[in-house]
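Participant: The lines below spell out each chain.
2 protein chains.
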Amino acid sequence: MADKRIPTKMYLEESELPRYWYNLNAVLKHDPALNPKTLKPVTAEDLSEVFCEELVKQELNDKDEYIPIPEEIQEFYRMIRPSPLTRAYCLEKVLDTPAEIYYKFEGNNTSGSHKLNSAVAQAYYAKQQGLTSLTTETGAGQWGTALSMACAYYGLDLTVFMVKCSAEQKPFRRAVIETYGGKVIPSPSETTKVGREILKAFPNTGGSLGCAVSEATEKALETPNCKYVLGSVLDHVILHQTIIGLELKAVLEKYNIEPDMLISCIGGGSNFGGFVAPFIKDKISGTKNYRIIGVEPASCPSLTRGKYAYDFGDTGKMTPLLKMYTLGNGFMPTANHSGGLRYHGMNPFVSKLYHDGIIEATSVEQTKVFEAAVTFAKSEGILPAPESSHSIRVAIDEALKCKETGEKKKIVFCLTGTGYFDLKAYTAYNNKTMTDYIPTDEELQKGFDSLPNIEHNK
Amino acid sequence: MADKRIPTKMYLEESELPRYWYNLNAVLKHDPALNPKTLKPVTAEDLSEVFCEELVKQELNDKDEYIPIPEEIQEFYRMIRPSPLTRAYCLEKVLDTPAEIYYKFEGNNTSGSHKLNSAVAQAYYAKQQGLTSLTTETGAGQWGTALSMACAYYGLDLTVFMVKCSAEQKPFRRAVIETYGGKVIPSPSETTKVGREILKAFPNTGGSLGCAVSEATEKALETPNCKYVLGSVLDHVILHQTIIGLELKAVLEKYNIEPDMLISCIGGGSNFGGFVAPFIKDKISGTKNYRIIGVEPASCPSLTRGKYAYDFGDTGKMTPLLKMYTLGNGFMPTANHSGGLRYHGMNPFVSKLYHDGIIEATSVEQTKVFEAAVTFAKSEGILPAPESSHSIRVAIDEALKCKETGEKKKIVFCLTGTGYFDLKAYTAYNNKTMTDYIPTDEELQKGFDSLPNIEHNK
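Order-wise, the sequence lines are chains A and R. For the first sequence, position 342 matches number 359 in the numbering used here, and the numbering has no gaps at all. For the second sequence, position 265 matches number 282 in the numbering used here, and the numbering has no gaps at all.
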């Protein structure tokens, strides 16, 4: 036994790192995105107005199951990857469970999350295309940080429209972005037409992600050699994030670990999709029968209580229409501390997987999430991001079920990031001033009323 | 060449992790610490009043070159170690240098620094002794965070006297400590006699490390089953930190890398001592002739401009007298942003190594340090702690010298931690409001005037 002990931390050798991303589009088709004006499937031309060419190609590629990772991106990945797979021996001991708990930790880089996996790819392709600058939006700040790191590395200018209340509440997030050379504009701002209009109508607004998307898009359209990029929801983002799942699959095989369930938190779908994509084919074919579980906040339950319909990706109704589980583009999530999970919709793939019964979803309340976060922090020595702690909550619950049944299930979850910039939330939990919120059916109905009234949704 | 490429990130296997700490005391003797009342070498009895028994034994052990790491501590180390040795390919490219740059990164844990290596050992021995609580002080906050993590893991209560201005300026550091269950008391406080006296004399003081040490010591003495622990300066702290140097030595050998120089920042000496200790014997014997360089801030130049004399470790003159390079216990360092390097004295070992010419020391100015930090952050994807950036500055300077001479020197430095809680400093650098400070000879003389007027110092 001593010799066969599974190590606490498991790494792949550099020579074992994946050299391809995994393209789920080649295996499983979802309903196409629609041009909202024509209600026809979006074309490369539609998308290229706003997005980088190579990313548009990836978004629409449904032929190649494996897409090579350019050497320049691999070079960057080698600085931040592989991320470790950790056996949570100490957490298991604290829980006194026969279950085996494993986590893939994506937070060991300065962006503090998995977001850097896609940011570096997007910045690379922008550079290759000869662009000189990018725009984006950021809410909680992880994506803005990751993209500013990637742009600094490739020498691109970056303008980040940061939701105003977030920029004010998280001055240190802003400082990291600025240290990497990103220009932060609290949104709504006077720098864009849409921003000025919103400020005129709502002078005291703290902003919203929807508004920041609109400002970033406008800015990209009017700036020469500039495109807009985003960090979740679209398929090419998930494509880049499959580096997580590919590494996981390789390291599980290397150490001969057969998981019983894969768990990850789910907002727009970027980490979840990337974490699980390489496992889907075996699940569909029945070769493997692991459970795959997405965890969302009870306050923003897109999968568990949303509708499967065509909807806009933003509140400004400027994006293509996506077929997805959605609470409606008019749904306003409450001030949950997991900023990364406050999104009305869901990546179309993840939506289809849920609709087809290939994956499960569950929702958890905020205080229960932080209780799990603190248990984890004290036993495993990592202060987790609130988003990631949704996975921890469900992993702990499943391990405690094993304690009752005596089953030695192997539970694997994705620890997407660290909570170093979320300490106001931890302080609220410590002081017992944190509250929970579950929207009523009536409140959800208001969101559903904002769904586009088109033939496809009838 | 492709096959022989040195990987970007180098890890030891779990089975290769050191199971012993390295005790430099067994190889090289320094002048003993003195009881300030008797001016005789301190005894175990003297020290045991305040410190844990096993730590006192380690402090005075000059026989055993290798000291076994208890299995329970190894279990914790396996969660946070090995730390990676990284080849800084991207930094080398940015500098366009023929030099090879490597760094051992100790910041991939929630304490954000190497401090956890000793904190977990100290908490373990306290638990073994049957203690139920510990006290300590913290300035910048890394040590307080590390010890709160260790105490949470072993179920010990912890009171942290946090320098008041630091507690106010770094509310999130405080929040992390509290999340792990540590009780934070801004110092000076009304909770101790010494605190009340200081507050009476200086009602508006922001506190100092010396005062916090005195409060933590008083609190430990009056609390049942409680001892005081500290995170630097003493030999047993360096002993635990040798895990860094031992791993480094093993991984350098594994990948057949012969360093030309070892560089690390230096405050009280804990990371520097631990980083270099396992390399000292070969350096003294002449088997190896690598340069070993300590880097200190120009604003607090203990080695480069201090005196080698017996001095107190604290401004309250309560500790044993240590033979060390010191600016005098009355020296008041300016508000340099590298809180971890603002200490008047230096570990006695490190002092002796410098005095005997075995190691070198150099000092660097703050703005130059941050310039190096930002260059590093943009190329290597890690936002470094200001303290660690002292090493980066010198590593970059040495690499640039190689660019001139064409030499392919192998430069290895210790990246002790991350700067996620130092963003006010980065903001000051970004805004160009950061200043440098070099004390005048007259200012230094005031500090030297506070040295104890004893026979040994004549």
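Worth double-checking, as some hints may not be accurate.
Where chains are identical, the list cannot tell them apart; a pair therefore holds if satisfied intra-copy or between any two copies.
[As the list claims (entries may be wrong)] DSS-like mimics (lysine-lysine), calculated; alpha carbons at most 25 Å apart, straight line:
| id | residue 1 | residue 2 |
| --- | --- | --- |
| 1 | 305 | 426 |
| 2 | 266 | 300 |
| 3 | 26 | 271 |
| 4 | 46 | 266 |
| 5 | 46 | 217 |
| 6 | 26 | 266 |
| 7 | 385 | 200 |
| 8 | 217 | 298 |
| 9 | 300 | 57 |
| 10 | 426 | 217 |
| 11 | 441 | 181 |
| 12 | 80 | 324 |
| 13 | 271 | 21 |
None of these hints come from the bench; they were simulated from the model.
Participant: Taking the hints in turn, state whether each one holds.
Facilitator: Going through the hints against the structure:
{"no.": "1", "hint": "305 to 426", "in the structure": "within (15 Å within a copy, 51 Å between copies)"}
{"no.": "2", "hint": "266 to 300", "in the structure": "within (13 Å within a copy, 45 Å between copies)"}
{"no.": "3", "hint": "26 to 271", "in the structure": "both (13 Å within a copy, 19 Å between copies)"}
{"no.": "4", "hint": "46 to 266", "in the structure": "within (23 Å within a copy, 52 Å between copies)"}
{"no.": "5", "hint": "46 to 217", "in the structure": "neither (43 Å within a copy, 74 Å between copies)"}
{"no.": "6", "hint": "26 to 266", "in the structure": "both (15 Å within a copy, 20 Å between copies)"}
{"no.": "7", "hint": "385 to 200", "in the structure": "between (36 Å within a copy, 23 Å between copies)"}
{"no.": "8", "hint": "217 to 298", "in the structure": "neither (51 Å within a copy, 72 Å between copies)"}
{"no.": "9", "hint": "300 to 57", "in the structure": "neither (32 Å within a copy, 73 Å between copies)"}
{"no.": "10", "hint": "426 to 217", "in the structure": "neither (56 Å within a copy, 61 Å between copies)"}
{"no.": "11", "hint": "441 to 181", "in the structure": "both (17 Å within a copy, 20 Å between copies)"}
{"no.": "12", "hint": "80 to 324", "in the structure": "neither (29 Å within a copy, 72 Å between copies)"}
{"no.": "13", "hint": "271 to 21", "in the structure": "both (13 Å within a copy, 23 Å between copies)"}
In summary, the structure is inconsistent with hints 5, 8, 9, 10, 12 from the numbered list given earlier, while agreeing with the others.
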